[in-house]
Structures are given as structure tokens and as C-alpha cells.
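Could you build the full structure based on these sequences and the hints that come with them?
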Amino acid sequence: MKKVMSVLLIGLLSACASDTTKPTATAEDRSAAPAAAASAAVTSAVTNPNLNPILTDPKNILSKRSVYFDYDSYVVKNEYRSLVQAHAQYLRDNAGARVMLQGNADERGSREYNLALGQKRADSVRSAMTLSGAKESQIEAVSLGEEKPRATGHDEASWAENRRTDIRYQGE
Amino acid sequence: MLMRSHQSSRHTLTLAFLLWLTSMPLQAALDIEIFGGGATQISIAITPFATEEKLKQSITAIVAADLQRTGLFRLVDSSGPALRDPRQIVYPDWKNRGADALLIGSTVMLPDGRVEIGFHLMDVAKQVQLFDHTITVPADRLRAVAHQIADIIYERLTGDVGVFSSRIAYVMKQGNKYALQVADADGFNAQSIIEYGEPIISPAWSPDGTQIAYVSFENKKPVVYVQTLATRARKAVANFKGSNSAPAWSPDGKKLAVVLSLQGGSQIFLINADGSGLQRLSQSSGIDTEPNFSPDGQSIIFTSDRGGSPQIYRMLVAGVASGTAERLTFEGSYNVSPHHSRDGKSFTFVHRNGARFNVAVQDLATRQVQLLTDSRFDESPSPAPNDRMILYATEVKGRGILAVVSSDGKTRQELSMQAGDIREPAWGPLPRVR
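Just so you know, the protein sequences line up as chains G and Y, in that order. Using numbering that gives the first Met the number 0, read the first sequence as starting at 0 and increasing by one per residue. Using numbering that gives the first Met the number 0, read the second sequence as starting at 0 and increasing by one per residue.
Heads up, a few of these hints could be off.
Here are some of the chain G residues that sit facing chain Y, going by a computed Cβ distance under 7 Å [unchecked claim]:
| # | residue |
| --- | --- |
| 1 | Ser-109 |
| 2 | Arg-110 |
| 3 | Glu-111 |
| 4 | Tyr-112 |
| 5 | Leu-114 |
| 6 | Ala-115 |
| 7 | Gln-118 |
| 8 | Glu-139 |
| 9 | Val-141 |
| 10 | Ser-142 |
| 11 | Glu-146 |
Below, in silico cross-link-like pairs of lysine to any residue (SDA-like), each with a Cα-Cα straight-line distance of 25 Å or less [unchecked claim]:
| # | chain 1 | residue 1 | chain 2 | residue 2 |
| --- | --- | --- | --- | --- |
| 12 | G | Lys-147 | Y | Lys-176 |
| 13 | G | Lys-147 | Y | Gly-263 |
| 14 | G | Lys-147 | Y | Leu-261 |
| 15 | G | Lys-147 | Y | Ala-354 |
| 16 | Y | Lys-176 | G | His-153 |
| 17 | G | Lys-63 | Y | Asn-218 |
Partial list, derived from the structure: chain Y residues whose beta carbon lies under 7 Å from chain G [as the list claims (entries may be wrong)]:
| # | residue |
| --- | --- |
| 18 | Pro-198 |
| 19 | Ile-200 |
| 20 | Phe-216 |
| 21 | Lys-240 |
| 22 | Ser-242 |
| 23 | Ser-244 |
| 24 | Ser-260 |
| 25 | Ser-265 |
| 26 | Thr-288 |
| 27 | Glu-289 |
| 28 | Thr-302 |
| 29 | Pro-309 |
| 30 | Val-335 |
| 31 | Ser-336 |
In case anyone wonders, no lab produced these hints; they're calculated from the structure. These numbers were taken from a predicted model, which means no experiment stands behind them. Note that CB positions come from ideal geometry on N, CA and C, so glycine has one too.
Here is the structure:
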């Protein structure tokens, strides 16, 4: 999973629009083939041996990666300012570092509209980071909409958990 | 596969018909109750074809289920011996049972394994034959033939085109696996087009039915793919920095409207079906998504939050990005997922109705809105190629299933496959060869 992202970021930042060589699952070979093909692609990709241990050190604020939002809100709350600023600072100090910001939404309503709501949450973290000195080229803001819920319940507590943007570094 | 339906006003089938249904081989699970309709329904008696009980698949059960699902037909008691020949028909008997039309027929197993199916569609009041036909097919094509017969009956009796031979696409989630599947319009005969361990959403049929565009999250972000059904070859047509989603085909099949976050926000772009020629269409500071072309290709309806809440708007497909759009929905604070009817006169969408999400239809000329469903989570409405039914996703006991509602909202029926969580339905075009 982490490795896929590093491949992705490299590919994505060049905004390619063609992909016929990626593993394609079909009905005929659906047993284990897609998974095998996917993992083959992953292992051939470069992991990031240079991922800074500071990013995962539980004592460091940089190990905190989730920014939560209020219902129907896309504003980075004050309690997450220092977290976002710390990541922006890291990006500013490490010109080669790249992050993907994945916005999420709760499950209520249209999947495509929720995808757009998740994008708003990713975009607002991106704006906060660039205002604090990170470069646009270091950041890709995307949305997972309601498709990858961290909490799978159908109640307010789960929905709140899923109104979130996650910060993932290239190589993770 | 089971079929059920729930509705307020019910016309229960006669005991004889239910007994006949439950006596069908292999279709013991078929449990049909159809409600609604009434005076405007066509009453039809569908007699089991002679010796069809020897086939792996009852043809007339499929024909009956197809016709019932439209809400335009009422099945009347068809008990009695099979009728092979119109000369065997005792018309007063069928008139007494309330039948306007009568289907009779027979099947013959040929030595080479194929099946010969002959049938006659009769007008009971006039005591004349409306249509007769004999078809010879391989034994594994019985479902397809049954759908063809249902199409013929539908067309003869309503004057409208039948959609029973068309196909549907949808996404099935089983555990952590997602499959994009294509099935017959009744939900049977499902085949996976692609399977992945990451979500798939928003399948959209190309106008000629040979390709499906969809959004896959296999690369940890949404990317729009177009896949050719016959070859399974696929191509990422929109894989730009940021999110790529909500593909919609232009009526000529040459272009796709897609939603990209490439230039900030979620905005609608036009791109050639091969991924070339990107061009921005919408221009707002908020969310513009879920584009859907009008049948003449001149305009797009879409969901936007530019007015503060998600509502449906219409814009012209002009040569330049435009911030100009006409707001179409005004009732309520959440109207999303618009799809034009195939005749272009109305659009279906999802309307939040209190705490519920329901399928609604709005007339483009009069702006009149009609709610068609009333469960808790009805999503992704997709009209049939003849506009007489709308396929949508709903939820029963926490599990996603597909359902069909007639365009007047009076008849609803669930298509529930055996397993998995089913969502994101898209009704395909009419098959080109009938």
C-alpha cells in the first residue's frame, strides 16, 4: 500500500492520462491473479529507504496524520493548526519530500458528491500547508469520498471519524 | 436470485398462478408479488409452454416476471393444460378470467441439443392472433430468448420499445473485494468485468453499449477508466493530479464529461474518450459534479453547491469554460445525482426528504417534481432505455440491493442477487441487434 503511493506520486505529478500496462483483472483470471499482479507491480517499485524516521516517531507531532472536520465543514480547526504547520515546515525543510492528502466524507448521500466533499477537506489542508511554506508541487490533494471509511458504523461517532483528511508521505 | 416487491396498494396474484410459479423447476425461489397499477394495466394470461417443464429454464416464468416488473401488466390465472395451437383456445374461458391478451406456445428439444420455441400472442376480445414466431436456440440461450419474447409482447401490446434484452452494470462489494458486473436487465446472468481489492464507483455505459467508463480507487485515489467489454482492454482516460471522477458519455460516444480537482475544487471537464483534448467546462469556486449530457448533447445537468446547498443545474456545452448555469431544483436542501430521461423531457435525481434519500423525477418544462420511492437510502437512479422504469440502489437490512420503480412510481420491485453489497447501478442502452 505504502509502496504503491510512491509509484503513484511519481506518475501522478506528471499527470499522465494513459494506462494500458497496469494489471487488469478480468472475469477469467479473477481468482488470485489480480492480487498477484498488483503485488508484483508493487515489489518492482522502489520503496522509500530514505523515509525519515522522524515521520513515524510517536513522540513527534509529525507522526500525527489525521485532521478532523466538523459536520458540513471544510475549515481546518484551530486544534489541528500546529499539526498542519509542522508538516508544512517539514516539507519546506525537505524539498524532496512529497505528500498525498486524502480527504474523506461520511456515508450519507451521493457517492460522487461525497467524493467532492472529501476533496474540499483535502484541499483545505493543502491550502493551509502551502500558506505555511510547503510547495504545491510537493502536495497532491485527492479524495476517497465515502469509499474507504475508517469507522464502518452507521452512527454519528463513525461519521465524525470519517470526516477527515489523512497525510501520507511518499514511501509510506 | 430473489425478486420481491413492497408497495402500498396490492393486487395479489391468484393462488393458481402462485402454485404454478412454485411448481417451476429451478425457480422455486422466485417469489413475485406485484402491487400498484390498476385500471391502466394490460391483463395477460401467460400459459406455460407445452413441455417447457423439461427444459433447464422455464421460459414463460421469465416472460411473466419481465412484463410484471414494468407495472403495465397484470398477470391473470393461466392454469390449465398447455396450449400449442390457437385452435385449442376456448376464448370465453379466457375472457372470464379477465385476460385481454393470451400467450401460448410449445417447446421441442431437437436431437442436436437445441430447443425450438414456437409461440402465439392472441387478442382475447377480438379472438385474433397478434403475432406468432418460432425460434430455435442453443439450450444455454433460453433466458435471452425469454427476454426477446417479453420484448415482442411488450412492443405489440404497448406500442413502446421493450428493454428486457438490455443489460445493467453495477458494483458488487463482497468483503474487501469490489467487482464491476454486467447482468441481464432482470439481474440474472451476471458477469464480472473487473475485480479489485479497492472501491469502484460510477459506472457509465457508452452509448453503443460496447464500453463502460468507471472510477477505480486501485491507485489510492480516484482515476477514470474506460473498459471495452468484448476485449476487457482498458485505459485510464483521466488520471490527472488530484481526483478524477464522475464520467458521463456524450451522446455520440466521442467524449466524456469528467470531474477533476486538477485546477482546484471539483470542476467539470470535457475529454476525448481516448484521454486526449482536455477542456474545462464549468467554472465555479465550489463543487460542480455528477455531469449528465442531454440526449441532444447540447447541455449538461449536474450537481453544484454554488448556491450553498447541493442542487441540480443546467449549463450549455459551449466551447469555453462557463460560470453560467440555470438552477433547476428548488425543493429541499439536497438534490443530487441527476440523469436525463432518454427522451430529454425530464430528469431523475436523488432528493433528501427529511432523513431519507429518495428517487424523484422532475419535468424540465413544468418543473413539476414527483417522488418515486420512499425507503431510507435510495441512490443512483438510472432510467431504462424506454424511460418506463428507473433502476436504483437501495438498502435492505444494511445490505445494498438494486430495485426498479416504474416511471409513475406505482410499481416497485427489488432485484436482489444472492450475496454481496450491491450499488451504483447503470442501465445500458438497447442492444443494437434485436
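### Task
Could you check the structure against the hints above and give me the numbers of any it violates, in ascending order?
The structure breaks none of the hints.
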